[in-house]
Amino acid sequence: MDPTVCSASGGTPPSAFRARIPARRLAAFHDRLVLRDPRGRTRRRSIVPLADGVEVRGPFEVRRHIVVTRARGVHFADATGDPNPIHREGEVVPGAFLAAQAVSTLEVLLPRVRLESLRVSFVGVSWYGRAARLTLRCSPTPGPGLRAELKAYQDEREVATGVLEGRLEAAEPHLDLPLHRVDTQWLGRVLEFYDALGIDPQAHLQKERGPDLSYPIGFLASLPSGSMVQRFQGDGGVLNRLTLEFDRARLALVGPPEVSVELPQRIRQSFTKILTAVKEGVETAIRGTALVLPRAPKDLLTRPDA
Numbered sequence: 001m002d003p004t005v006c007s008a009s010g011g012t013p014p015s016a017f018r019a020r021i022p023a024r025r026l027a028a029f030h031d032r033l034v035l036r037d038p039r040g041r042t043r044r045r046s047i048v049p050l051a052d053g054v055e056v057r058g059p060f061e062v063r064r065h066i067v068v069t070r071a072r073g074v075h076f077a078d079a080t081g082d083p084n085p086i087h088r089e090g091e092v093v094p095g096a097f098l099a100a101q102a103v104s105t106l107e108v109l110l111p112r113v114r115l116e117s118l119r120v121s122f123v124g125v126s127w128y129g130r131a132a133r134l135t136l137r138c139s140p141t142p143g144p145g146l147r148a149e150l151k152a153y154q155d156e157r158e159v160a161t162g163v164l165e166g167r168l169e170a171a172e173p174h175l176d177l178p179l180h181r182v183d184t185q186w187l188g189r190v191l192e193f194y195d196a197l198g199i200d201p202q203a204h205l206q207k208e209r210g211p212d213l214s215y216p217i218g219f220l221a222s223l224p225s226g227s228m229v230q231r232f233q234g235d236g237g238v239l240n241r242l243t244l245e246f247d248r249a250r251l252a253l254v255g256p257p258e259v260s261v262e263l264p265q266r267i268r269q270s271f272t273k274i275l276t277a278v279k280e281g282v283e284t285a286i287r288g289t290a291l292v293l294p295r296a297p298k299d300l301l302t303r304p305d306a
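First residue of the sequence shown? That's 1 in the working numbering, and the numbers climb one at a time after it.
Take the hints with a grain of salt, since some may be wrong.
Stated by the list, open to error - Distance ranges between label pairs, derived from CB positions:
hint	residue 1	residue 2	range
1	E172	A131	26 to 34 Å
2	E262	G210	35 to 43 Å
3	R287	H65	30 to 38 Å
4	R303	E55	42 to 50 Å
5	V34	R147	16 to 24 Å
In case anyone wonders, no lab produced these hints; they're calculated from the structure.
Quantities reported herein were computed from a predicted structural model and do not represent experimental measurements.
C-beta: ideal position from N, C-alpha, C; glycine also.
With these hints in hand, go ahead and build the complete structure from the sequences.
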């Protein structure tokens, strides 16, 4: 755990986008996290220190440094129901793991930002045991909202790019439930999910106004990958692109979310476009598409020398 804020002294003019990040949220990440202020040496700082944390008032960057071990990858696959052998017996980091890191980073740091969409492309394979660098370049948008441009690298290779967009709400959303209604099995999977990511789950479960017993968006966004592999009858597959829209509906932790995967009539040997959705009853929390290579060639999954 090494939260760092790069900033400088100076004044800051009023801004439509203002979001406080308490110190406990900065400390929720077990891997290295750095907040960088691109305007830190000017009078218009984007990140302003507070007595207990910081306040974001403009464009900023979040930088993560993560080493994904096989144990973490398998733990993540268990939590999200992904039976893909390339993540369990092989050396390949789940693409959904990197996407979940990006989504969960914003969810935990800025719970007032209601995420609306995710577009991510996996342009290279990530391997277990090697350091990954993930950067979110965040810019306020009218509304006020937030746009975060994702870049992920391993060694000197770019492995993922993407965009997250959301809207700043007046207060942190939360969903309180009587404890007897909580599905303890699925709550356990959410806890395993955060453990694999290296994030304190209390950062999601405890909000300013009280307990939040809803499914995290990062967790729900990770479920379709496992369902796709199951539909391919465990043959594996490589996720190439994920495009998801997030609804305002928050699914309560009262039972298993329903993941629907709609395959085309003919599965191509090249990349196949798949429709997906995550819902509970009549409430749909996520809908979108994925581009998947059903059976990756062996040379693609051959780990290069360090």
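Run through the hints listed earlier and report the numbers of any the structure violates, in increasing order.
The structure breaks none of the hints.
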